[in-house]
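Based on the sequences and whatever the hints tell you, model everything.
Residue numbers (our numbering), protein chains in the order written: chain A, 1 to 307; chain B, 1 to 307; chain C, 1 to 249; chain D, 1 to 249.
Just so you know, the hints here were simulated from the structure itself, not pulled from any lab data.
In this text the structure is predicted, and so the values were computed from the model without any measurement.
Please note that the accuracy of each hint is not assured.
[Claimed, not checked] Each computed SDA-like pair below joins lysine to any residue, with the alpha-carbon atoms no more than 20 Å apart:
| hint | chain 1 | residue 1 | chain 2 | residue 2 |
| --- | --- | --- | --- | --- |
| 1 | A | 145 | A | 234 |
| 2 | C | 4 | A | 34 |
| 3 | A | 202 | C | 189 |
[Said to hold, decoys possible] If you only want the chain B side, here are some residues facing chain A, beta carbon under 10 Å, derived:
| hint | residue |
| --- | --- |
| 4 | 64 |
| 5 | 195 |
| 6 | 217 |
| 7 | 219 |
| 8 | 224 |
| 9 | 305 |
All residues carry an ideal CB built from backbone N, CA and C; glycine is no exception.
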Amino acid sequence: MTNLAVKLPGLSLKNPVMPASGCFGFGREYSKFYDLGKLGAVIIKAATGSELFGNPTPRVAETPSGMLNAIGLQNPGVEKIIEHELPFLSQCEIPVIANVAGSIIDEYEMVAKAFNQTDMVNALELNISCPNVKQGGMQFGTDPKMAAMVTERVKRVSNLPVYVKLSPNVTDIKKMAKAVEAAGADGISMINTLTGMQIDLKSRKPLLANQTGGLSGPAIKPVAIRMIDEVKQHVSIPIIGMGGISSAEDVLEFLLAGADAVAVGTANFQNPLICPEIIEELPGVLHRFGFDSVADAVGKGGSHAHV
Amino acid sequence: MTNLAVKLPGLSLKNPVMPASGCFGFGREYSKFYDLGKLGAVIIKAATGSELFGNPTPRVAETPSGMLNAIGLQNPGVEKIIEHELPFLSQCEIPVIANVAGSIIDEYEMVAKAFNQTDMVNALELNISCPNVKQGGMQFGTDPKMAAMVTERVKRVSNLPVYVKLSPNVTDIKKMAKAVEAAGADGISMINTLTGMQIDLKSRKPLLANQTGGLSGPAIKPVAIRMIDEVKQHVSIPIIGMGGISSAEDVLEFLLAGADAVAVGTANFQNPLICPEIIEELPGVLHRFGFDSVADAVGKGGSHAHV
Amino acid sequence: MIKKEMVRVESSSLVARDTVKMVLENEYISRLAVPGQFLHVEAAGHTLRRPISIADADREIGTVTIIFRVTGSGTKQLASCQPGMTLTVLGPNGNGFPFMQAGSRVLLIGGGIGVPPLYYLGRSLAVKPCTVKAILGFQSAADVFYEKEFREFAGTVIVTNDGSFGEKGLVTDVIEQAGSFDYYYTCGPTPMLQAVTRKLKRKPGFVSMEEYMGCGVGACFACAIPARDGGYKKICKDGPVFPAEEVRL
Amino acid sequence: MIKKEMVRVESSSLVARDTVKMVLENEYISRLAVPGQFLHVEAAGHTLRRPISIADADREIGTVTIIFRVTGSGTKQLASCQPGMTLTVLGPNGNGFPFMQAGSRVLLIGGGIGVPPLYYLGRSLAVKPCTVKAILGFQSAADVFYEKEFREFAGTVIVTNDGSFGEKGLVTDVIEQAGSFDYYYTCGPTPMLQAVTRKLKRKPGFVSMEEYMGCGVGACFACAIPARDGGYKKICKDGPVFPAEEVRL
Ligand SMILES: Cc1cc2nc3c(=O)[nH]c(=O)nc-3n(C[C@H](O)[C@H](O)[C@H](O)COP(=O)(O)OP(=O)(O)OC[C@H]3O[C@@H](n4cnc5c(N)ncnc54)[C@H](O)[C@@H]3O)c2cc1C
Ligand SMILES: Cc1cc2nc3c(=O)[nH]c(=O)nc-3n(C[C@H](O)[C@H](O)[C@H](O)COP(=O)(O)OP(=O)(O)OC[C@H]3O[C@@H](n4cnc5c(N)ncnc54)[C@H](O)[C@@H]3O)c2cc1C
Ligand SMILES: Cc1cc2nc3c(=O)[nH]c(=O)nc-3n(C[C@H](O)[C@H](O)[C@H](O)COP(=O)(O)O)c2cc1C
Ligand SMILES: Cc1cc2nc3c(=O)[nH]c(=O)nc-3n(C[C@H](O)[C@H](O)[C@H](O)COP(=O)(O)O)c2cc1C
Ligand code: FES
Ligand code: FES
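Structure (structure tokens):
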């Protein structure tokens, strides 16, 4: 039997596959397609201190092998999420990772505190890398000092393990990773979206009302793999890898690069059953390439494995 | 008649379309497919001070809507290029842009000087952004001070207009652009490739012998458009845009974003006739979207056109 | 309930310029489909699915019909699908048009590719029976489709922007001609919806809306639009049909 | 001269496990193709073309044959092309095997998907006439193809790694059986080429090489490999066939 289980700070995953934040809402919609209990975990949509209505539409655009989004962190606010959304997920008996966002550090703290007080969340994912909001987000995600500061402050108010989600829109991803590790992060999530733009030829305007958006999907997979490989060599905390995953083979590629678990985002839109399908195929794929377990494969194929 | 002509420092282009550096060699091979005289210009493969043999193979890998390459700047060296390659291009009566690379500033200077002494080159493109060589390249392309220094030094020894080719692997592309403009650059080329990696599941190693490579092709187009839009708002020198162009519609999107001319790279591999095909279709596409000339469209659709 | 279903293309034909009618075999969807709902259709080689309204459904033989205009690369790819090929769709998605009680007089106002869902709706209302009238607007004669089909159950006025077929003008120019009615249902481009709802603001009506979509099932917030009450609505899940007074156009 | 040509798939059939033989109609390429050259074949939906050797050509009826193994998504896509469909190829690319004078005795040594170009070569040499012998290596019985075809013009020995067909072992294990010859031609996986050229280092021979390609026409330096003389060779343009002593394997 191929062992799919993964142990990460605060998380006992029966398999390494979870839907990525923002691509799965709070789970309700996809629970109509399959039993969420099959998932390794769920990462929920970003929560902010109070309700956010997000950007004007259009908020998504299609690109070659990918898409742009500029949702703008729309969410009901942390209190309503705890009240109306988490109880549903709790029934599913899978670990829940709450994605935390804010425009100032106090807001991150406040949201983290709120999640910390429930027993319905197993870990936090700090979204310091959302390119689609005017304030916060990105600026924390591109400056190592700011990133470290948010991490530290959130760690201080929270007993939950903290995974910091890194932005790929930086010159030196290692620096970001090392800064958040030093600040106490329990793990790293990577990558968030690359900032991109599409211009509509007819209207002669950026297609997205927000003008720029985050590029996700298979198009960015090589960037994700490269960055995970790079970061893996410089930190010792675990990595949740994401960026363009749409098959069990992709999952293995992320594990080889150094991811300890993975998240699937954009691919849910094309195939709502993608997560359980990948989970079902993963043992066969691991076996085909000579691995007995997920743990076996982690980090076995990155550049550090050979240099 | 739709006017396709573009005037840029040192370059009178009859149309805005040229093959991108490294994707067209020195023109010979593609001259067997069509008359190079149809092109707006040609950007030749990077030249270094002496012959470079490049990286071990495999040097290319396919990715979703794109490819990775790690050629490693293989080229015969500037002297041999001037002697054996440029005379052929001179016959074609199109502007030639020489891509200049090096591992130290002296080498850039030396190569620029050599090209400057011929009358077969119309402009230089400084490749400060090649991710595939251990020294130089990237390090100049990610630090605004270094980029400015190379630009300044090359400008000092060369009468030819200098286009600086920017790397997208940076946190703040504006800063890079402003730094090279201040240092005297006559124009900007953007974007070079995004650094990426692909891992071969069977061998459990990065597929490229060089481990990482540069991501190009349609996958990166949204990043290119976003960066051009961003830079356009902060510099007043012209931009040669590139990154994933494979149709006349794509060319128009780049013009709208703020590019004054464009280069086509990866698409040549799929369709060796892509450049003349695009040139032929461009008037129709411009017309369909309400433009009488290329100049008319430049910068008409970026975010700055509306904010 | 939305499912991911395989459908077999039974037939595909051009009903107007760049406008394709495709009949898809799928028992489950044909059985559940309600007028106003849509399918989220796979376009091979594309990251995102395309939302296309259900233009008709036949439970007996287990088919649903879609009618779409080839506007970009996804619908072009779809249009190239030959009979016999299979594709996956998510569906039926969203909430359809609410039916009013038998005996009501309803007016359908459709523009361009907003016409298809009104066909299934009108046909269904007519058998209740309701009295159905239709105003259908198109760019020009080459774009007109389903006139005959609508006439089978509804007094139908066709308008074209250039007057090359039917009346010349916009749908709002001929609303008076339709006489009195109790409810209206409208679907079409946003400017048309704005004009219609403004003109008919004292009448109860329902609008079917469009927005760029990610998931199509309510999970990604791509299609969220402000609601009149200050909250928001997801077009894919709460809509695409809304009471005219509930949304800001 | 290499051109970009449309080809029509005339037939497509499985000749061994995961191994597809495809006959392509194109007058120009059939007329110019020389054994050892390759086509750079479009795989729909893929950025890069796939290099596939010309396995045969028929000038009379204007066809070229390719034989390829389905290894990844590009060849899978190619394998799905039905007769009647068209694709574009660049070709004929590269330099083929040089022919030796009539009367020579030649040995062909092929491994797996390195076998196809040797078929066209052997058939062409046999009519010069040359005396042709062939050693063909495969993984196992299910992978063997073209045995009968080779026997039509060459004394042929088949070896399989697992002995499930012909002799058990590697091609180098049976070279002695082939008796004496003047030249050898070999194509197959790199380890095989290394073993063969080492074993036959005193014999004049020609190897056909593989490398990941970008442009396929000599412009991008993707396929450049070091040459023995200290320079380099582009496999796509200077090769894929090289005199054995010229390249470092
Ligand atoms: C609920 C709903 C029902 C619809 N019903 C129909 C119908 O019955 N017949 C019909 O012809 N069209 C219908 N449309 C519009 C149809 O979805 C678009 O024309 C189609 O998605 C365009 O795809 P494309 O690849 O041709 O264009 P592209 O412009 O290449 O598409 C690029 C991206 O933008 C999206 N997009 C482009 N235009 C629209 C649009 N108007 N609305 C939503 N997304 C868009 C595409 O889905 C895709 O993600 C409907 C839209 C919605 C939201
Ligand atoms: C000159 C030449 C002649 C060839 N002739 C034949 C032939 O007659 N029959 C046959 O079955 N195969 C032949 N090959 C190998 C064939 O090109 C590859 O098997 C094929 O490209 C794999 O594509 P894929 O999409 O199935 O695999 P993938 O692994 O999905 O391909 C990914 C990328 O890697 C490249 N690639 C993968 N394997 C190889 C390889 N071995 N050589 C070069 N590029 C590769 C692909 O072209 C593509 O760009 C030849 C290769 C060369 C260079
Ligand atoms: C529509 C959409 C919404 C997203 N919202 C969030 C979010 O709220 N918080 C976050 O950290 N990441 C968000 N992301 C980023 C994803 O979680 C993921 O990091 C990224 O999309 C790359 O993975 P993918 O290529 O599998 O989609 C969002 C992505 C998409 C496409
Ligand atoms: C195989 C290959 C080789 C390249 N070599 C060079 C080079 O020598 N110098 C350079 O400045 N850019 C080089 N580039 C980058 C291209 O010029 C171009 O900036 C990039 O590929 C994006 O454009 P595209 O998506 O159209 O390919 C190379 C790209 C490829 C794919
Ligand atoms: S499209 Fe995802 S919520 Fe509507
Ligand atoms: S593949 Fe481009 S030079 Fe050979």
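Against the structure, the hints come out as follows:
1. Taking the CA atoms of residue 145 (chain A) and residue 234 (chain A), the gap is about 17 Å. The hint holds against a cut of 20 Å.
2. At roughly 11 Å between alpha-carbon atoms, residue 4 (chain C) and residue 34 (chain A) fall within 20 Å of each other, so this suggested pair holds.
3. Straight-line distance between C-alpha atoms of residue 202 (chain A) and residue 189 (chain C) comes to about 15 Å, which keeps the hinted pair within the 20 Å bound.
4. At its closest, the beta carbon of residue 64 (chain B) sits 4 Å from a beta carbon of chain A; the interface hint therefore holds under the 10 Å criterion.
5. Here the hint on residue 195 (chain B) is kept, as its CB sits about 6 Å from the closest CB of chain A, short of 10 Å.
6. Restraint check, residue 217 (chain B) versus chain A: the minimum CB separation of about 8 Å is within 10 Å; hint holds.
7. For residue 219 (chain B), the shortest C-beta to C-beta distance to chain A is roughly 4 Å, which falls under 10 Å, so the interface hint holds.
8. Nearest Cβ of chain A to the Cβ of residue 224 (chain B): about 8 Å, under the 10 Å cut. The hint holds.
9. Contact between residue 305 (chain B) and chain A, as hinted, is supported at the beta carbon level, the nearest pair being about 7 Å apart and thus within 10 Å.
The structure is consistent with each of the numbered hints, conforming to all of them.
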